[in-house]
Amino acid sequence: EAQVTQNPRYLITVTGKKLTVTCSQNMNHEYMSWYRQDPGLGLRQIYYSMNVEVTDKGDVPEGYKVSRKEKRNFPLILESPSPNQTSLYFCASSPGLADPYEQYFGPGTRLTVT
Amino acid sequence: EDKVVQSPLSLVVHEGDTVTLNCSYEVTNFRSLLWYKQEKKAPTFLFMLTSSGIEKKSGRLSSILDKKELFSILNITATQTGDSAVYLCALTPTGNQFYFGTGTSLTVIP
Numbered sequence: 001e002a003q004v005t006q007n008p009r010y011l012i013t014v015t016g017k018k019l020t021v022t023c024s025q026n027m028n029h030e031y032m033s034w035y036r037q038d039p040g041l042g043l044r045q046i047y048y049s050m051n052v053e054v055t056d057k058g059d060v061p062e063g064y065k066v067s068r069k070e071k072r073n074f075p076l077i078l079e080s081p082s083p084n085q086t087s088l089y090f091c092a093s094s095p096g097l098a099d100p101y102e103q104y105f106g107p108g109t110r111l112t113v114t
Numbered sequence: 001e002d003k004v005v006q007s008p009l010s011l012v013v014h015e016g017d018t019v020t021l022n023c024s025y026e027v028t029n030f031r032s033l034l035w036y037k038q039e040k041k042a043p044t045f046l047f048m049l050t051s052s053g054i055e056k057k058s059g060r061l062s063s064i065l066d067k068k069e070l071f072s073i074l075n076i077t078a079t080q081t082g083d084s085a086v087y088l089c090a091l092t093p094t095g096n097q098f099y100f101g102t103g104t105s106l107t108v109i110p
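As given, the protein sequences belong to chains A and B, one line each in that order. With the working numbering, letter number 77 in the first sequence gets 77, and the count goes up by one each step, no holes. With the working numbering, letter number 28 in the second sequence gets 28, and the count goes up by one each step, no holes.
The hints are simulated quantities; they were obtained by calculation from the structure and are not laboratory data. Possibly wrong hints are sitting among the right ones.
Distance condition first, Cα-Cα at most 30 Å in a straight line; then the derived DSS-like pairs of lysine-lysine [claimed, not checked]:
id, chain 1, residue 1, chain 2, residue 2
1, A, K69, B, K67
2, A, K57, A, K71
3, A, K17, B, K41
4, A, K57, B, K3
5, A, K18, B, K40
6, A, K57, A, K17
7, A, K65, B, K40
8, A, K18, A, K71
9, A, K57, A, K69
10, B, K41, A, K65
11, B, K57, A, K57
Only part of the chain B face toward chain A is listed, based on derived beta-carbon distances under 8 Å [what the hints assert, rightly or not]:
id, residue
12, K41
13, P43
14, S84
15, L88
16, Q97
17, Y99
18, F100
Computed, partial: chain B to chain A, Cβ under 10 Å [claimed, not checked]:
id, residue
19, V4
20, T44
21, F71
22, A90
Beta carbons: idealized from backbone N, C-alpha and C, even for Gly.
Here chain A stands alone, though its shape is the one from the complex:
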């Protein structure tokens, strides 16, 4: 089944404790992206990647890192999480520049930082 998977689905952590949210897609998509969704603010793009080893900042990259060492994986790293990073996070992928728009979203990761 074609899908985007995220792990963990739920995470409660404390301020400053490094964490990684994994994202994997099995559709051989070139483009991948991370979003956060907050009430009243909608979906905001954190980082995106056009291909392996190619990443770029979205609208709200501060406090986040990403890497794209393999085509299928695009982990989101919070080196020192803070409470304002409490949010619902979505990973998405799409085939590439020729058809970048129909993004397939993962199920979401709900992160709480205390």
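Please build the complex by placing chain B on the supplied structure of chain A, with the hints as guidance.
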């Protein structure tokens, strides 16, 4: 700064009603406008609009773009309870950066 504004914020209708959701935008460069449906989980893609005046249709849903007036509408006819969801509008100026509106929450009452 690129911006997407959706209205209304929320809407409650009865089954069978027709609804119109609005999306207006400001953008330095325009490539496409997209509509998504979100039902308590991940957003799912509905439409992509690139050219003005060309209506996209899928069953009871349709959407159209006006690039001169910088807005798009999403119409849902003969609404059903399964249409209850948050509808998101997104703009991409480049094809790889995306700006989403805050969404319109639609509730359809039986």
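Okay, the hints, checked on the actual structure:
With a C-alpha separation of about 39 Å, the suggested pair A/K69 and B/K67 falls outside the 30 Å cut-off, and the hint is violated. Restraint check: the Cα-Cα separation between A/K57 and A/K71 comes to about 18 Å, which is no more than 30 Å; the hinted pair holds. Among the hinted pairs, A/K17 with B/K41 is consistent with the structure: their alpha-carbon atoms are about 27 Å apart, no more than 30 Å. Restraint check for A/K57 and B/K3: satisfied, since their Cα atoms lie roughly 17 Å apart, inside the 30 Å limit.
Straight-line distance between C-alpha atoms of A/K18 and B/K40 comes to about 28 Å, which keeps the hinted pair within the 30 Å bound. Using a Cα cut-off of 30 Å, the hinted pair A/K57 and A/K17 holds, with the two alpha carbons roughly 23 Å apart. Between A/K65 and B/K40 the alpha-carbon distance is near 27 Å, which keeps this suggested pair within the 30 Å criterion. Simply put, A/K18 and A/K71 have alpha-carbon atoms about 24 Å apart, close enough for the 30 Å limit, and the pair holds.
As the CA atoms of A/K57 and A/K69 are separated by approximately 17 Å, the hinted pair is consistent with the 30 Å bound. Taking the CA atoms of B/K41 and A/K65, the gap is about 24 Å. The hint holds against a cut of 30 Å. Restraint check for B/K57 and A/K57: not satisfied, since their Cα atoms lie roughly 34 Å apart, outside the 30 Å limit. Below 8 Å, beta-carbon pairs count as interface contacts, and B/K41 has one with chain A at about 6 Å; its hint therefore holds.
Hint on B/P43 holds. Least Cβ distance to chain A is approximately 5 Å, under the 8 Å limit. Proximity of B/S84 to chain A is violated relative to the hint, the smallest CB-CB distance being about 18 Å (cut-off 8 Å). Because the beta carbon of B/L88 sits about 7 Å from the nearest beta carbon in chain A, less than 8 Å, this interface hint is met. The closest approach between the C-beta of B/Q97 and any C-beta of chain A is roughly 6 Å, which is under the 8 Å cut-off, so the hint is satisfied.
At a threshold of 8 Å, the smallest CB-CB gap from B/Y99 to chain A is about 7 Å, leaving the interface hint in force. Because the closest C-beta pair between B/F100 and chain A is about 4 Å apart, less than 8 Å, the hint holds. A distance limit of 10 Å between C-beta atoms decides the matter here; for B/V4 the minimum to chain A is near 8 Å, and the interface restraint holds. Evaluation of the B/T44 hint against chain A yields a held restraint, the C-beta minimum of about 7 Å falling below 10 Å.
Taking 10 Å as the C-beta cut-off, the interface hint given for B/F71 is violated, the closest approach to chain A being about 17 Å. The restraint placing B/A90 at the interface with chain A holds, with a minimum CB-CB distance near 8 Å, inside the 10 Å limit.
The earlier numbered hints that this structure contradicts are 1, 11, 14, 21.
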